[in-house]
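> All chains, full assembly: derive it from the sequences and hints.
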Amino acid sequence: MEEEKEIRLEYTLARDFIDEVYSIPGGEQIKKCIQCGTCSGSCPTAYLMDYSPRQVFAMVRAGMRKEVLESEAILYCCSCYMCQVRCPQNIKITDVFYALKRIAWNETDLKAPQARLYKMSPIFFDIVRKKGRNHEIELMTRFSLTAAPLEIFKQAPIGIKLFFKGRLPLGGKKIKDLKELQKMLDVCEEHEVLGGVV
Amino acid sequence: MKYTYYPGCSLEATSFPYDLSTRAIAPLLDIDLEELEDWNCCGATAYMSVSQGRSFVLSARNLALAEKKGWDIIAPCSACYLGLNKTNIYMEEHAEVKDLVTKALTVAGLEYNGTIKVRHLLDVVVNDVGLDTVRANLKRDLGGLKVASYYGCQTIRPEGGFDSVEDPHTLDDIVVALGATSVYFPMKDRCCGGSIAGSVREQALRMSKNILLAAQREETDIIITPCPMCHINLEAYQAQINKRYDADFNIPILFFPQLMGFAFGRSEKDMAMNSLIVSPEKQLSSFV
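Residue numbers (the working numbering), protein chains in the order written: chain A, 3 to 200; chain B, 8 to 295.
These are computed hints drawn from the structure, not numbers from a lab.
Just so you know, not all the hints are guaranteed correct.
As the list claims (entries may be wrong) - Between beta-carbon pairs, the in silico distance windows are:
1) B:Lys76 / A:Asp188: 26 to 36 Å
2) A:Gln184 / B:Met8: 16 to 26 Å
3) A:His193 / B:Glu226: 48 to 58 Å
4) A:His193 / B:Lys250: 30 to 40 Å
5) B:Asn281 / A:Glu192: 47 to 57 Å
6) B:Ile96 / A:Gln184: 19 to 29 Å
7) B:Arg251 / A:Arg88: 25 to 35 Å
Said to hold, decoys possible - With a cut-off of at most 27 Å between alpha-carbon atoms, the simulated DSSO-like pairs for lysine-lysine come out as follows:
8) B:Lys276 / A:Lys94
9) B:Lys110 / A:Lys132
10) A:Lys163 / B:Lys276
11) A:Lys176 / B:Lys110
Unchecked claim - Here chain B is said to cover these stretches of chain A; the calculated rule only asks that three of the stretch's residues, wherever they fall, bring their Cβ under 8 Å from a Cβ of chain B:
12) 52–58
13) 175–182
Each residue gets a CB set at the ideal place from its N, CA and C atoms; glycine is no exception.
What follows is the structure, encoded as structure tokens:
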């Protein structure tokens, strides 16, 4: 059977995408990718990905913005850093994947297909902003309710076990200088750069 | 030796036995811990996925507060260790990170000059304290106990610097110093799926299963780990893994200071072993 291949014309490619990704600290190193595939071979979740990490890098450089941001590859990255420590070109691969997650997250029209995969981080984000620390029981409960309400019954026994072992305290601690911390986080918002530092 | 202690959020909840056992063994090893006052969350992997700048700022507040005291930070949690350490290194190497963080710190009347280091508890125990001191504290002979050392990812990668990124040995060295047997465990630095456990549960279960399977094949009595996320995946989800994969894992997962404290003669209760979901009572019974 012949494989169907779509031909993309150059003018449909996002040529500034590569600059967006280069803007992360150390991101310009992507230019040096030699497409050796060590990253894909080292990745414990590559077999789940629609595009392997090596392909993602080729696509970033080609300007295939939409395909990259819609791909599940970036979401399956489990942040184990195996690719990063093995990369012969010293590309901070895991950091690049984080940057891609952030860009995808900020483009609301792109996050729909994998909505569930995006839900944990914003809840964590919100709790830490409000308390200064994470509160595990709140994180688990809110994530279950928003992302997978049907799975609550499956996950509940684990929460109950931890609770009775004294490992899920109900009251979350708030830090004293919370207002100062929130002000600090707001400073970042004023300097928002999607792929980059922020 | 004086250090600033940064427990992190997990050590206040799901991983409190880690906090308790760390504080218990520290004085025996001449580690003088002073908890960082009003510390905040390090940002972990989740913040990095939404805003890298804010994750740097979160970590930097802790660094700035710690620098006032001047002692290096001990972070027992591997995610905290990575977050704080990464921020420390990136502020030094990347001017744009330093600029942003400095702006944010200034708002809160703080500053950071990069004069302190972030250390993992495992690094401090092996390299500052040393294994001779560990041996000198032994009160129980753990001879015959088969222990698998599970490092996880973020303890040793990417910036770690105190152990091999592919073939770590520090935890194994502690096991041997305690008189126990360190089993052959090639999965020791493979990912448990921690950071995707919330989003792609099925995949995380599979990854944790493979780790438990490798340990079971070596007839491991106990797995020890320095990472709260690894701990919860391998321990709290063990029953679910058994059900999903028709397996019969019953391997207690201990935080490494729990086993150290036990070897140093402390009771199982003192080391909060009864707070573990997979009880190590049977495995440790012959050493009590």
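> Now tell me if each hint is right for this structure.
Tested hints:
{"no.": "1", "hint": "B:Lys76 / A:Asp188: 26 to 36 Å", "in the structure": "holds, 27 Å"}
{"no.": "2", "hint": "A:Gln184 / B:Met8: 16 to 26 Å", "in the structure": "violated, 35 Å"}
{"no.": "3", "hint": "A:His193 / B:Glu226: 48 to 58 Å", "in the structure": "holds, 55 Å"}
{"no.": "4", "hint": "A:His193 / B:Lys250: 30 to 40 Å", "in the structure": "violated, 48 Å"}
{"no.": "5", "hint": "B:Asn281 / A:Glu192: 47 to 57 Å", "in the structure": "holds, 49 Å"}
{"no.": "6", "hint": "B:Ile96 / A:Gln184: 19 to 29 Å", "in the structure": "holds, 26 Å"}
{"no.": "7", "hint": "B:Arg251 / A:Arg88: 25 to 35 Å", "in the structure": "holds, 30 Å"}
{"no.": "8", "hint": "B:Lys276 / A:Lys94", "in the structure": "violated, 44 Å"}
{"no.": "9", "hint": "B:Lys110 / A:Lys132", "in the structure": "holds, 21 Å"}
{"no.": "10", "hint": "A:Lys163 / B:Lys276", "in the structure": "holds, 18 Å"}
{"no.": "11", "hint": "A:Lys176 / B:Lys110", "in the structure": "holds, 24 Å"}
{"no.": "12", "hint": "52–58", "in the structure": "violated (count 0)"}
{"no.": "13", "hint": "175–182", "in the structure": "holds (count 5)"}
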